[in-house]
Amino acid sequence: NAGVMQNPRHLVRRRGQEARLRCSPMKGHSHVYWYRQLPEEGLKFMVYLQKENIIDESGMPKERFSAEFPKEGPSILRIQQVVRGDSAAYFCASSHGRGENTEAFFGQGTRLTVV
Amino acid sequence: EDKVVQSPLSLVVHEGDTVTLNCSYEVTNFRSLLWYKQEKKAPTFLFMLTSSGIEKKSGRLSSILDKKELFSILNITATQTGDSAIYLCAVELTGGYQKVTFGIGTKLQVIP
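For the protein sequence lines, the chains are A and B, in the order given.
Under this note's numbering, residues 755 to 869 are what the first sequence spells out, in order.
Under this note's numbering, residues 10 to 121 are what the second sequence spells out, in order.
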């Protein structure tokens, strides 16, 4: 059973370009969470998605960031017109449900560098 | 604003030492407290704590939660170089899903 798969592991973008980060949850998991870890800061919640639905995007910046989790395929975190401040590690986690004692498993992250 | 504070920020110990990592929190709608170990890859789950005073143990690691004083500790006994990592404390909020607030982490380095 493969774990949470994120790709690419490293992504370099020039300012103004778009970044697409992919997350394939663990088999059987239909809940996906994205977190951002800025240098010298803790992981911060960005968005929670179930298949085809955004449940909570309260941690997403209002502009340039979007996320989706289509019926088929991975979840995508999209950052348009990237700026230097978007450089961070972006982690995806998945879980099989939302009940008590539901553990989330993390992917290895995508390290985005904006140059 | 929800807050999770970990201390110390970094720690260097020798193999065999025992360490205690601290985590205090101020959040609304507390549901559980989580500990993760983060090496150069994904955070890996260690413990979930929901009740005060009940110690959870896994090998040389143990953790306990005090919901009255709003803190938790993570103990590692007989440390090994493989314990070197960043240890993250996170608080899960009610809402039925993993909306968690993370601390900045404690960077532990175990030297031979």
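In case anyone wonders, no lab produced these hints; they're calculated from the structure.
Careful: at least some of the hints might be erroneous.
Calculated from the model, a selection of chain A residues having no Cβ within reach of chain B, i.e. all distances over 12 Å [to be verified]:
hint	residue
1	Gly-757
2	Arg-769
3	Gln-771
4	Gly-782
5	Glu-795
6	Leu-797
7	Lys-798
8	Ser-812
9	Pro-815
10	Phe-819
11	Arg-832
12	Gln-835
13	Ala-843
14	Ala-847
15	Gly-861
16 Å max Cα-Cα, derived EDC-like pairs, lysine to aspartate or glutamate [what the hints assert, rightly or not]:
hint	chain 1	residue 1	chain 2	residue 2
16	A	Lys-781	A	Glu-857
17	A	Lys-798	B	Asp-92
18	B	Lys-116	A	Asp-840
19	B	Lys-49	A	Glu-794
20	A	Lys-798	A	Asp-840
21	A	Lys-781	A	Glu-826
22	B	Lys-46	A	Glu-857
23	B	Lys-12	A	Asp-840
24	B	Lys-50	B	Asp-92
25	B	Lys-116	A	Glu-795
Beta-carbon label-pair distances, calculated as ranges [unchecked claim]:
hint	chain 1	residue 1	chain 2	residue 2	range
26	B	Ser-19	A	Ser-841	35 to 43 Å
27	B	Lys-49	A	Val-837	40 to 48 Å
28	B	Val-22	A	His-850	35 to 43 Å
Note that beta-carbon positions come from the ideal geometry of N, C-alpha and C, so glycine has one too.
Status of the hints after comparison with the structure:
1. With a closest Cβ-Cβ approach of about 8 Å to chain B, Gly-757 (chain A) is found to fall inside the 12 Å limit, against its non-interface label.
2. Listed as outside the interface, Arg-769 (chain A) is consistent with that label: its C-beta sits roughly 27 Å from the nearest C-beta of chain B, beyond the 12 Å cut-off.
3. With a closest Cβ-Cβ approach of about 26 Å to chain B, Gln-771 (chain A) is found to remain outside the 12 Å limit, as its non-interface label requires.
4. No beta-carbon of chain B is positioned within 12 Å of the beta-carbon of Gly-782 (chain A); the least distance is around 16 Å.
5. The beta carbon of Glu-795 (chain A) is not kept farther than 12 Å from every beta carbon of chain B, the shortest such distance being approximately 6 Å.
6. A cut-off of 12 Å between C-beta atoms contradicts the statement that Leu-797 (chain A) is not in contact with chain B; the least separation is 4 Å.
7. Distance to chain B contradicts Lys-798 (chain A) as a non-interface residue, since its nearest Cβ pair spans about 7 Å, not more than 12 Å.
8. Non-interface call for Ser-812 (chain A) relative to chain B: violated, since the shortest CB-CB distance, roughly 8 Å, does not exceed 12 Å.
9. Residue placement check: Pro-815 (chain A) keeps its beta carbon more than 12 Å from all beta carbons of chain B (closest about 16 Å).
10. Interface exclusion of Phe-819 (chain A) from chain B stands, the closest Cβ pair being 17 Å apart, more than 12 Å.
11. Every C-beta of chain B lies more than 12 Å from that of Arg-832 (chain A), the closest at about 21 Å, which supports listing it as non-interface.
12. Every beta carbon of chain B lies more than 12 Å from that of Gln-835 (chain A), the smallest distance being close to 27 Å; the non-interface claim holds.
13. Taking the minimum C-beta to C-beta distance to chain B, about 10 Å, the non-interface status of Ala-843 (chain A) is violated against the 12 Å cut.
14. Under the 12 Å C-beta cut-off, the non-interface status given to Ala-847 (chain A) relative to chain B is violated; the minimum distance is some 7 Å.
15. The non-interface label for Gly-861 (chain A) is inconsistent with chain B: the shortest C-beta to C-beta separation is roughly 6 Å, within 12 Å.
16. A threshold of 16 Å between alpha carbons decides the hint, and for Lys-781 (chain A) with Glu-857 (chain A) the separation of about 14 Å falls inside it, so the pair holds.
17. Taken as a hint, the Lys-798 (chain A) and Asp-92 (chain B) pair is broken in the structure, with Cα atoms around 24 Å apart against an allowance of 16 Å.
18. As the CA atoms of Lys-116 (chain B) and Asp-840 (chain A) are separated by approximately 24 Å, the hinted pair breaks the 16 Å bound.
19. A hinted pair counts as satisfied when its Cα atoms are at most 16 Å apart, and Lys-49 (chain B) with Glu-794 (chain A) qualifies at roughly 15 Å.
20. Restraint check: the Cα-Cα separation between Lys-798 (chain A) and Asp-840 (chain A) comes to about 13 Å, which is no more than 16 Å; the hinted pair holds.
21. A C-alpha spacing of about 13 Å is found between Lys-781 (chain A) and Glu-826 (chain A), which places the hinted pair at or below 16 Å, so the restraint holds.
22. With a CA separation close to 14 Å, the supplied pair Lys-46 (chain B) and Glu-857 (chain A) stays within the 16 Å bound.
23. Restraint check for Lys-12 (chain B) and Asp-840 (chain A): not satisfied, since their Cα atoms lie roughly 22 Å apart, outside the 16 Å limit.
24. Between the alpha carbons of Lys-50 (chain B) and Asp-92 (chain B) the distance comes to roughly 14 Å, so the proposed pair stays at or under 16 Å and holds.
25. With a C-alpha separation of about 12 Å, the suggested pairing of Lys-116 (chain B) with Glu-795 (chain A) holds against the 16 Å cut-off.
26. Taking 35 to 43 Å as the suggested C-beta distance range, the pair Ser-19 (chain B) and Ser-841 (chain A) does not conform, at roughly 22 Å.
27. Look at Lys-49 (chain B) against Val-837 (chain A): about 26 Å separates their beta carbons, and that is not inside 40 to 48 Å.
28. Look at Val-22 (chain B) against His-850 (chain A): about 37 Å separates their beta carbons, and that is inside 35 to 43 Å.
Hint violations for this structure: numbers 1, 5, 6, 7, 8, 13, 14, 15, 17, 18, 23, 26 and 27, all remaining hints satisfied.
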